[in-house]
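There are 2 protein chains.
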Amino acid sequence: MKIALCQINPIIGDFSGNAAIIKTEAQRAKEMGAELAIFPELALCGYPPMDYLEHPAFLEGQNHVLDRLIGEINGIAILTGIISACPQERGKPLHNSAMLFRNGEILHTSHKKLLPTYDVFDESRYFQPGTASQFFCLDGLNMGITICEDLFNDPDAFAERLYDTDPVADVNAEHDLDLLINIAASPFTMGKQEVRRTAFAAISGKYGLPLLYCNQVGGQDSLLFDGASFALDRQGRLCAQARAFADDLLMIDSSRLVPTAPPATDQVAAVHDGLIMGTRDYLHKCGFRRAIVGLSGGIDSALTCALACSALGAENVMGVGMPSPYSSPGSITDAEQLAVNLGIRFELLPIDQILAACQASLAPLFEGLQEDVTEQNIQARIRGLLLMALANKYQGLLLSTGNKSELAVGYCTLYGDMNGALAVLADVPKLLVYELARYVNREGEIIPTNTISKAPSAELAPNQKDQDILPPYEVLDPILSAYLEEHKSLSEIIAAGFDEEIVRDVVWRIKSNEHKRKQAALGLKVTSKAFGFGRRYPTAERFQG
Amino acid sequence: MKIALCQINPIIGDFSGNAAIIKTEAQRAKEMGAELAIFPELALCGYPPMDYLEHPAFLEGQNHVLDRLIGEINGIAILTGIISACPQERGKPLHNSAMLFRNGEILHTSHKKLLPTYDVFDESRYFQPGTASQFFCLDGLNMGITICEDLFNDPDAFAERLYDTDPVADVNAEHDLDLLINIAASPFTMGKQEVRRTAFAAISGKYGLPLLYCNQVGGQDSLLFDGASFALDRQGRLCAQARAFADDLLMIDSSRLVPTAPPATDQVAAVHDGLIMGTRDYLHKCGFRRAIVGLSGGIDSALTCALACSALGAENVMGVGMPSPYSSPGSITDAEQLAVNLGIRFELLPIDQILAACQASLAPLFEGLQEDVTEQNIQARIRGLLLMALANKYQGLLLSTGNKSELAVGYCTLYGDMNGALAVLADVPKLLVYELARYVNREGEIIPTNTISKAPSAELAPNQKDQDILPPYEVLDPILSAYLEEHKSLSEIIAAGFDEEIVRDVVWRIKSNEHKRKQAALGLKVTSKAFGFGRRYPTAERFQG
Chain S
62 MKIALCQINP IIGDFSGNAA IIKTEAQRAK EMGAELAIFP ELALCGYPPM
112 DYLEHPAFLE GQNHVLDRLI GEINGIAILT GIISACPQER GKPLHNSAML
162 FRNGEILHTS HKKLLPTYDV FDESRYFQPG TASQFFCLDG LNMGITICED
212 LFNDPDAFAE RLYDTDPVAD VNAEHDLDLL INIAASPFTM GKQEVRRTAF
262 AAISGKYGLP LLYCNQVGGQ DSLLFDGASF ALDRQGRLCA QARAFADDLL
312 MIDSSRLVPT APPATDQVAA VHDGLIMGTR DYLHKCGFRR AIVGLSGGID
362 SALTCALACS ALGAENVMGV GMPSPYSSPG SITDAEQLAV NLGIRFELLP
412 IDQILAACQA SLAPLFEGLQ EDVTEQNIQA RIRGLLLMAL ANKYQGLLLS
462 TGNKSELAVG YCTLYGDMNG ALAVLADVPK LLVYELARYV NREGEIIPTN
512 TISKAPSAEL APNQKDQDIL PPYEVLDPIL SAYLEEHKSL SEIIAAGFDE
562 EIVRDVVWRI KSNEHKRKQA ALGLKVTSKA FGFGRRYPTA ERFQG
Chain L
62 MKIALCQINP IIGDFSGNAA IIKTEAQRAK EMGAELAIFP ELALCGYPPM
112 DYLEHPAFLE GQNHVLDRLI GEINGIAILT GIISACPQER GKPLHNSAML
162 FRNGEILHTS HKKLLPTYDV FDESRYFQPG TASQFFCLDG LNMGITICED
212 LFNDPDAFAE RLYDTDPVAD VNAEHDLDLL INIAASPFTM GKQEVRRTAF
262 AAISGKYGLP LLYCNQVGGQ DSLLFDGASF ALDRQGRLCA QARAFADDLL
312 MIDSSRLVPT APPATDQVAA VHDGLIMGTR DYLHKCGFRR AIVGLSGGID
362 SALTCALACS ALGAENVMGV GMPSPYSSPG SITDAEQLAV NLGIRFELLP
412 IDQILAACQA SLAPLFEGLQ EDVTEQNIQA RIRGLLLMAL ANKYQGLLLS
462 TGNKSELAVG YCTLYGDMNG ALAVLADVPK LLVYELARYV NREGEIIPTN
512 TISKAPSAEL APNQKDQDIL PPYEVLDPIL SAYLEEHKSL SEIIAAGFDE
562 EIVRDVVWRI KSNEHKRKQA ALGLKVTSKA FGFGRRYPTA ERFQG
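Protein sequences appear in the order of chains S and L. Residue 124 in my numbering sits at position 63 of the first sequence, and the numbers go up by one each step. Residue 233 in my numbering sits at position 172 of the second sequence, and the numbers go up by one each step.
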């Protein structure tokens, strides 16, 4: 059977818009000879709808458009993700469902059985697990129809098993299958594409079944859905793969799956492409076209600005330099050079006068008190104020430029450099910032060499360097990864060879800056554990570990 | 049997500190003649530990202290909530458990069966539901031992049934019970105490069983655990109730339960007491004693400041007036009068000079562009900057003063008046702000009468009033409640008699300000749906409802 995997980018709650995309892609698939067009998990309402699922009007809105869609598409079968009402009296009121329809007739509906409830996923909050059979025979083709996490509890593919059941084993035991289908809304993290391919290949090979995987694409707040849908043959060999971080339509002939070489994977390139997609989709889906970036001459703001230009076009990005008495002359020239290289508008707003006015106002209250971090924060907050004024006046969104390493240890000022609608690098550790900067420069200098080579500094005090109070990033980043992503204990990290005093200091900094991150701008997730929605810690606490 | 309900206030992750409280209270209970002392859900680790539950070191830390505790308490049986490892190979790795021990011996362990996963609760994220029997016979007393939500699926007590099973029915069917026990960490919302008493009375009466309810007390970030533990006789009549919003130890004789009149309930007084407890506990548990409050002369900041004084003592609260060219003279005198009434330090920091410097700096970039909300935001952000400078320098926490109504419709400035570590009134609608202010003044004027009686204004533009762009609060607040708390659709709210244009405008404002609330200060929850952790919506979305 000729099947199209339609890797689309829906917008949450935009039922008509999403239905229009589904219609267009179905028509295209039909014209290309497809008998079945497959769309991602919750394609009609967008994923994740979050607490809109608790509004009866959300389900009604989807169903109204769904009814029309079922009547409007003819000559091709459509398999798509939808939300559906759970008829059971007890339990959660909704299912996360897969619906198959053709020529006005609903042929099959079944529901997701494994509901991810960890990290950024909250599906047990909304959905009742399915019990309906996930089998359907379409024109003689026996299909097992699973939804995303349903594939993630196979004992041979995954070390950790979070659920009591294995939907693939169940549907395979019940029926003589020809094909496994998985519709998904699976967000990107580094290495995830390989994890999916390897695990699904194991499942495919184990059951001797071809596997078609159709994933959502697009940025949705913090989440970067990478698409990269694919088809495996019955030995689990990759036969076709859709583009990553872009809409695509992948045509498959289920009876003629020919192995192909897996695409080369470059994690730095993937993060680069993902951040650009995420920045573009966040602004555009929120109704904005323009971005403002404060340029310090440092690498974080330079990289953020370069990514913003790729996402939005240089004509939609404004760079702003805001030197203080502590700024090095090099930092201004580096920022100006970046702006020239990118071809963006650049404005210079020295903060000296405002700083002097603030100091004068506070002087009577600060008299006799020692200078401390307060004075540095004031500078950062003046810059934050000016950038927000420009964002407000020019109807753009301010991009925050901090990286994951500094957000982790609180080396940033709340209501200052943390200001912004989107923190493009919030989940990018500093060492990866360097790799991305070099990748941006892969065909010539965009980010000035001096920006990359100089020692990192916040320039909020005379001769300040990051390494005055932080360990070198080569030490800091692995500690952060062990603690934040792997949940290693202090003693485990120390046992791995890190200095005890440094480890204790870093973990203390992480914990004592939780309050800052609770008010941080939304960041784009690229690691297995990003700050924000998928990482939930109390602020008032005393755990020593 | 003489039983003590020990209503304690643990700190998350403070295993030694919490164990010390348990030991002290157990000793006190023993001295009062108790044979059994009951402690709340997760009393040893604090509730909710959130993602610390994913750190193996957290369970180890608790168990280390638990082992010692079991050996140290003698002569009285202890029933307490703990986390425990789930021995099963598949599923979530932890249980939310109740453990009974005496004289060094563990007598019983069972696990919570119903795991709340809605609003602020994420228990399916961490816990595997229990299957162990919740029955134990202690010295001839047959007890059903349930944990919080386990009581919340009785068809006669609750209209909505979120779970497939009813643990009370199960344990009652298996055993001839003498007594039902429920250990809980159930946060306050308005009316919740009555809901609990009514529902539990129905359960108690239905099974003909006395019911002992032991709830956690204390503020934990946004959550206000109210305590108010109680005992019901076998007809469901209230026989004893512990204090609300304060530690307590309630002694019960299970064979001599004598009905008593339920305490008078005053919702305004309850919110008042809850906000004071929440403010005190948040600051103290985070290691702070001092608070800074910007005083505009308006009712929100006046009420916040009055509550802060009750929570922390007037000597620990500093009020700051920051007049601009648009401030009315009355606003300064009202703020000064409040400070005098409360006996707090008051400082005046006019923002004119800083505002002039900001305007001068931005003038070249704003030339030819219309004045808009940008200019108002700049004033709010200068104030936010000054307040944060004082909080930093004086090592206090800034309290944000905005109410729920303005946070809902975005009538507030991000990085301006939204600045703060804690937003005391973030879940208090404006009409309730007025009621609370009158309650504060119940024994004489603390909040100046003029502050209560004048028309609300942000004073960021000449002659500005809230009602220039917002509907009157008598209209706004019920619309907000219907949409935010009841998830009513626009058409339902309009059908209830509200003006269509106003309803559409209010809902549009709610939705288009989601980004501000994502960066808002932590607020104290008093309604069934507060902004923050328990309310989860996408920012980029297009749902029209």
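The hints are simulated quantities; they were obtained by calculation from the structure and are not laboratory data. Built from N, CA and C at the ideal position, the CB exists for glycine as well. Take the hints with a grain of salt, since some may be wrong.
Unchecked claim - Per the computed footprint, the stretches of chain L lying under chain S, defined by three or more beta-carbons under 8 Å from a beta-carbon of chain S, are: (1) 155-166; (2) 213-224; (3) 287-297; (4) 586-600.
Structure-based check of each hint:
{"no.": "1", "hint": "155-166", "result": "violated (count 0)"}
{"no.": "2", "hint": "213-224", "result": "holds (count 4)"}
{"no.": "3", "hint": "287-297", "result": "violated (count 0)"}
{"no.": "4", "hint": "586-600", "result": "holds (count 6)"}
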